[in-house]
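Given the sequences, and given the hints that come with them, work out the whole structure.
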Amino acid sequence: MKELFVGVDVGSVSTNIVILDDKNNLLENKYVRTRGNPIKVITEAMKEVGNKYKDNDIKGVGTTGSGRNLADIILGADIVKNEITAHAIAAINFIPDVKTILEIGGQDSKIILIDNGIVTDFAMNTVCAAGTGSFLDRQSQRLGIEIQDFGDIAIQSENPVRIAGRCAVFAESDMIHKQQLGHNQEDIINGLCEALVRNYLNNLAKGKNIKEPIVFQGGVAANKGIKKAFEKYLGKEIYIPEYHDVMGAIGAAILAKEKIKKAKHTRFRGFDSIKLDYKVRGFECNDCPNMCEVVEIIADNKVLARWQDKCGKHSNYINNNDKLA
Amino acid sequence: MKITFPHMGNVYIAAKGLLEEIGREVVLPPPITKKTLELGTKYTPESICLPLKINIGNYIESIEKGADTILITGSCGPCRFGFYGSMEKRILKDLGYDVEFISFDPPEGNPNALLTEILKAAGTKNIFKIMKAVSRGKQVLYSADNLLDYSNYKRAVAINKNKVDQIMDEFYFKIEGTKGVNEINSLISSSYDKLKILKEDNKIDNLKIGIIGEIYTIIEPFVNLNIEKKLGHMGVIVEKSLTPSKWVSHHIGLGQIGISEERKKWKKAKPYLPTLVGGHGRETVGSAILYAEENFDGLIQILPFNCMPEIVAESVLPSVQKDYNIPIMTLIVDEMTGEAGYLTRIEAFIDLVRKRKESENERIICRS
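Just so you know, the sequences run in chain order A and B. Quick note on the UniProt record's numbering: the first sequence kicks off at 1 and runs consecutively. Quick note on the UniProt record's numbering: the second sequence kicks off at 1 and runs consecutively.
Just so you know, these hints were derived from the structure itself, not from any lab. Since the model is a prediction, treat every value here as computed from it, not as a measurement. Glycine included, C-beta positions come from ideal geometry on N, C-alpha and C. None of the hints are false.
Partial list, derived from the structure: chain B residues whose beta carbon lies under 10 Å from chain A:
1. Asp-169
2. Ser-315
3. Pro-318
4. Pro-327
5. Glu-347
6. Lys-355
7. Arg-356
8. Ser-359
Here's what the structure looks like:
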């Protein structure tokens with residue numbers, strides 16, 4: 001019998017699913033774009049995985065990312081963790097003496113400092129688009145190049161243009177300005193990478209002591225231009241793990257494994273129940289001026305979860321003693 | 001005369017009791033909701049700090065309920081709070097609301113002005129009666145804060161944490177229906193008793209987190225997105241460096257003779273921040289050190305966006321963090337705060353603190 005652990009990271013831009021065995025070897029690795037429909041993406045990806053494995057192979061499930069509670073409802077997770085802890089756990093597992101983790105995802109970026117395998121400090125940027133993957137995505141679309149080629153083009157540049165990277169809006173107009181002056185495309189793209197890195201280091205990493213070894217993970221780590229820019233500004237070597245884009249999910253799976261050691265039994269609902277038709281219904285509660293937009297997840301005519309209410313009366317409604325989300 | 005005042009944690013409970021004790025009619029502002037914040041944001045300057053926005057929302061909602069007089073305290077600390085009274089008066093006037101403003105400003109050489117304002121609010125010249133009401137109001141404030149602190153403790157240690165929420169929700173729901181100090185007191189003590197009998201889980205080693213920072217954001221649950229509740233549900237015991245009781249005790253009580261907690265904080269903060277930087281900047285640094293010395297596991301600083309005194313404190317805190325070896329995280333709140341990112345940070349911080357404590361414990365065991 002196999003002992004497998006599932007890790008699911010539902011992010012704003014991508015949803016990642018991994019399956020680890022009990023020795024932390026990666027057996028499955030799925031990276032799918034969320035495209036604003038996490039439920040569909042999770043159920044479809046799990047269906048594919050489900051064809052290869054049996055219910056009782058799965059010994060534990062962990063979820064992370066901004067959609068972690070949603071994934072928990074659908075899968076039945078043993079542990080629901082924030083993405084900062086999940087990323088740290090994954091990195092520590094691959095490079096035990098890691099000191100700094102740089103993580104840039106679709107909608108947020110993080111820096112995590114580690115000492116002796118323990119997180120000592122972190123910072124997370126959620127509001128500024130100039131430091132994240134979606135900014136690069138948008139600019140590559142504007143320039144008409146594929147995001148996969150972005151990094152390769154950037155490293156061809158010999159003369160990066162300096163682009164004001166403090167704010168995504170200004171960066172874009174500055175970039176257009178440089179374009180109209182006649183600069184090379186690769187120089188502009190490289191300039192963008194450097195602008196993003198400068199913004200990251202000046203905002204997020206301000207005052208933080210970045211020590212080696214440094215690990216760079218998250219979707220943006222695939223971009224060679226960004227890696228090069230980090231090395232240029234930090235003057236240090238950057239290490240990119242092989243599975244940099246699914247590190248959050250790997251962390252969730254490892255956490256699930258640790259949890260199962262104590263809890264013994266998994267809460268995994270089985271591959272069959274994932275095939276159910278999950279529906280989301282929203283309603284506005286008019287009981288007070290907060291007018292919370294409550295969301296319900298329904299499957300098989302049964303309400304599985306409710307959330308988004310400030311007072312908690314809807315989310316507690318289903319089971320009085322057990323908070324749902 | 002129907003008096004109203006802005007919300008600030010438990011203050012409304014005491015203010016209501018106090019004013020009703022001297023026969024004043026009180027219109028409580030409705031609990032702060034998204035609507036309050038929307039009203040406030042609409043009618044205030046964009047870059048002003050969050051508390052003023054919510055104050056204005058409170059006033060408008062109270063006026064809609066029939067209030068015609070607004071009561072606010074001034075401030076001694078040179079931060080924007082000092083202008084709140086005058087600014088709010090003008091904003092409401094510009095909006096066309098015809099309301100009376102009573103503002104208790106610090107005397108600063110003109111005690112008569114303060115006295116006139118107090119008499120206006122009290123509606124009686126019987127100083128003895130006023131003094132008695134003030135002292136009873138103070139006592140209500142202390143017991144309300146005490147109840148809140150106890151509920152926070154209880155939530156962290158209780159087996160059924162939702163029951164704690166239920167008892168406290170019921171308490172806040174019933175408070176509006178009470179009249180006078182006696183009824184409030186009996187409601188407080190009955191809620192306290194209900195909390196007391198809840199079963200505790202003794203097996204868990206609870207973390208202790210100190211909340212420091214700007215007073216309004218620390219004590220107003222709507223503004224800090226219920227941080228005490230969130231931490232409580234994670235099994236964390238929370239202590240706040242500033243509460244309305246502590247503020248009152250400093251300004252009308254022990255502080256005047258120089259032995260309040262604030263003075264202790266100033267002394268502790270001295271090596272890092274020897275002077276007043278406005279608001280509670282110095283107190284924040286001092287509290288951080290006091291909590292570190294009391295072996296708290298971690299500290300969370302909360303401040304409203306662009307609050308100058310707290311920004312000064314924020315830049316001092318990394319030195320405290322290093323010297324006293326205690327994790328500190330800063331959270332900035334304003335009307336744009338997204339709850340998801342906020343919660344992620346709190347969770348990650350608690351994970352960090354917990355892991356640290358576990359490895360610390362292991363080290364101690366290995367050594368002995």
